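Number of protein chains: 2
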Amino acid sequence: MTGRDGGADLAPVGNSPVVILVRPQLADNIGACARAMANGGLFHLRLVAPRDGWPQEKAWRTASGADRLLEAATVHPTVADAVADLHHVFATCPRPRHIIKPVLTARGAGVELREICGRGLRAGLLFGPERAGLDNDDMAQADALVRYPLNPAFMSLNLAQAVMVMAYEWWSAADPTKPRELMTNETQVATKGELENFLAHLVDQLDACGFLRNLPKRPGMVRNIRHFFERGEITEQELRTLHGIVTELAIGRRRRGRLERDDEA
Amino acid sequence: MTGRDGGADLAPVGNSPVVILVRPQLADNIGACARAMANGGLFHLRLVAPRDGWPQEKAWRTASGADRLLEAATVHPTVADAVADLHHVFATCPRPRHIIKPVLTARGAGVELREICGRGLRAGLLFGPERAGLDNDDMAQADALVRYPLNPAFMSLNLAQAVMVMAYEWWSAADPTKPRELMTNETQVATKGELENFLAHLVDQLDACGFLRNLPKRPGMVRNIRHFFERGEITEQELRTLHGIVTELAIGRRRRGRLERDDEA
Chain A
1 MTGRDGGADL
11 APVGNSPVVI
21 LVRPQLADNI
31 GACARAMANG
41 GLFHLRLVAP
51 RDGWPQEKAW
61 RTASGADRLL
71 EAATVHPTVA
81 DAVADLHHVF
91 ATCPRPRHII
101 KPVLTARGAG
111 VELREICGRG
121 LRAGLLFGPE
131 RAGLDNDDMA
141 QADALVRYPL
151 NPAFMSLNLA
161 QAVMVMAYEW
171 WSAADPTKPR
181 ELMTNETQVA
191 TKGELENFLA
201 HLVDQLDACG
211 FLRNLPKRPG
221 MVRNIRHFFE
231 RGEITEQELR
241 TLHGIVTELA
251 IGRRRRGRLE
261 RDDEA
Chain B
266 MTGRDGGADL
276 APVGNSPVVI
286 LVRPQLADNI
296 GACARAMANG
306 GLFHLRLVAP
316 RDGWPQEKAW
326 RTASGADRLL
336 EAATVHPTVA
346 DAVADLHHVF
356 ATCPRPRHII
366 KPVLTARGAG
376 VELREICGRG
386 LRAGLLFGPE
396 RAGLDNDDMA
406 QADALVRYPL
416 NPAFMSLNLA
426 QAVMVMAYEW
436 WSAADPTKPR
446 ELMTNETQVA
456 TKGELENFLA
466 HLVDQLDACG
476 FLRNLPKRPG
486 MVRNIRHFFE
496 RGEITEQELR
506 TLHGIVTELA
516 IGRRRRGRLE
526 RDDEA
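Protein chains in written order, with our numbering: chain A, 1 to 265; chain B, 266 to 530.
Hints listed in this document are in silico derivations from the structure and should not be mistaken for laboratory results. Check before you lean on any hint, since a few could be wrong.
[Said to hold, decoys possible] Quick list of in silico lysine-lysine cross-link-like pairs, PhoX-like style, CA-CA up to 25 Å:
| # | chain 1 | residue 1 | chain 2 | residue 2 |
| --- | --- | --- | --- | --- |
| 1 | B | Lys323 | A | Lys58 |
| 2 | B | Lys366 | A | Lys192 |
| 3 | B | Lys366 | A | Lys101 |
| 4 | A | Lys178 | B | Lys366 |
| 5 | A | Lys178 | B | Lys443 |
| 6 | B | Lys443 | B | Lys457 |
| 7 | B | Lys323 | A | Lys101 |
| 8 | A | Lys178 | A | Lys192 |
Predicted, not measured: the structure shown is a model, and the values here were computed from it.
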């Protein structure tokens with residue numbers, strides 16, 4: 001089973017960069033690269049002189065449903081052939097050599113690729129073979145090198161991981177999600193007035209049960225409770241739950257109080 | 266060979282978040298996660314109820330030298346046990362459910378983790394099992410969820426890829442590299458004056474060879490040549506090469522000119 005009739009319903013979205021795997025060795029890695037590309041919204045895959053030929057069934061197995069990318073992949077004898085119809089080429093390179101070339105971070109490359117593709121130009125990303133990486137002639141065909149900021153004490157980056165980071169940055173460069181948002185679903189963040197209602201309810205019950213009976217300390221204690229509740233964004237639903245908790249605890253206490261009095265009687 | 270005596274010389278650097286793999290199924294994935302962690306400068310690995318037990322030789326094979334992380338990994342029966350000594354816990358979750366919780370992007374989480382760890386607090390990152398992801402009880406133990414901005418049309422993210430993106434964002438959050446820099450090695454970007462010297466040399470030779478003989482068009486042609494050379498950052502070394510190219514082409518032309526005249530004579 002090559003899975004060529006299955007897989008996710010993927011198609012190119014807009015003008016997106018071509019991923020060019022240069023002399024890839026393992027078909028599993030090619031499949032894993034396709035999966036990572038699909039994760040990041042990339043579609044166009046080109047293979048330069050894959051070691052074991054193409055297609056390879058193993059690639060479909062690791063692509064996890066990104067079959068359409070593998071089906072559409074093209075094979076090229078040389079890097080020059082694979083980039084001939086492109087306008088811009090970036091080459092990923094963990095350890096740039098003694099050459100004169102712009103070096104981009106993965107993030108910088110993601111932003112520039114969006115800008116290039118947004119102008120209707122065709123862009124490509126070169127990834128070198130698993131062990132050796134791109135050679136000097138490969139890199140000489142690129143406009144710029146891309147070096148990921150990663151731990152220099154451990155540079156062994158899996159090929160599909162390298163594609164993942166770049167695909168992620170491509171997607172992120174156009175993603176408007178805020179760094180932090182409170183997911184509230186059908187409820188919403190409570191107003192200060194709604195929180196105040198709850199605090200009044202709570203303090204009432206704390207007065208009733210005697211928790212605040214030390215009058216000189218009372219204002220400070222109330223303030224500390226307020227500090228805690230003011231600190232996060234409480235939702236209306238959570239406030240209703242907290243009202244319920246306070247009410248039920250108070251009723252429970254009064255019931256117990258009655259029972260205790262009954263026992264004493 | 267488990268490779269337990271080998272591997273890269275990795276050790277924790279500063280206060281970094283703990284990666285907690287919850288009920289991981291495949292040992293290969295655990296090893297690949299360790300590799301991705303090492304790429305991003307993470308060290309502390311905890312396993313909650315790994316399906317096939319621990320240790321597993323396969324993990325060492327896919328860790329690609331991140332052996333130290335696997336050796337230092339601890340096994341825990343529950344998420345509660347694995348997070349008991351931590352102050353903040355983020356849970357990765359591709360499809361947040363109907364719960365009330367802050368949702369961070371991977372980038373937002375990287376920045377917040379740096380901030381939390383910088384205050385001396387201990388942080389953890391939960392990753393769910395390969396197929397099902399984290400369950401509702403797992404997520405209820407987290408301060409916030411982390412959702413990567415990725416292609417909603419293809420959500421099948423490999424576990425090690427998920428760890429890779431977060432490790433990359435952890436590293437990036439403290440990395441000062443500029444998005445684009447010109448790598449010039451031993452040379453440097455030429456000044457406008459140095460470029461002007463070259464352009465004067467070029468125009469001289471173009472006058473000599475007759476390329477600029479159309480006098481009304483000459484100023485525009487010179488300006489267009491200038492536009493091209495002013496566009497990129499040329500280095501001093503590249504200018505020397507260009508000077509050499511112009512000189513040699515001119516000498517070659519003059520030699521040919523002599524030969525042609527000799528032929529005519």
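Now the hints, each set against the structure:
1. Of the pairs offered as hints, the one joining Lys323/B and Lys58/A holds, with about 19 Å between alpha carbons and a cut-off of 25 Å not exceeded.
2. Restraint check for Lys366/B and Lys192/A: the C-alpha separation of about 19 Å stays at or below 25 Å, so the hint holds.
3. Straight-line distance between C-alpha atoms of Lys366/B and Lys101/A comes to about 45 Å, which puts the hinted pair past the 25 Å bound.
4. For the hint pairing Lys178/A with Lys366/B, the CA-to-CA distance comes to about 14 Å; that is within 25 Å, so the pair holds.
5. With a CA separation close to 22 Å, the supplied pair Lys178/A and Lys443/B stays within the 25 Å bound.
6. Between Lys443/B and Lys457/B the CA atoms are separated by roughly 24 Å; this keeps the pair inside 25 Å, and the hint holds.
7. Distance restraint check for Lys323/B and Lys101/A: the Cα-Cα separation of roughly 40 Å exceeds the 25 Å cut-off, and the hinted pair is therefore not satisfied.
8. Of the supplied pair hints, the one linking Lys178/A and Lys192/A holds, its CA atoms being roughly 24 Å apart against a limit of 25 Å.
Violated hints, in rising order: 3 and 7; the structure is consistent with all others.
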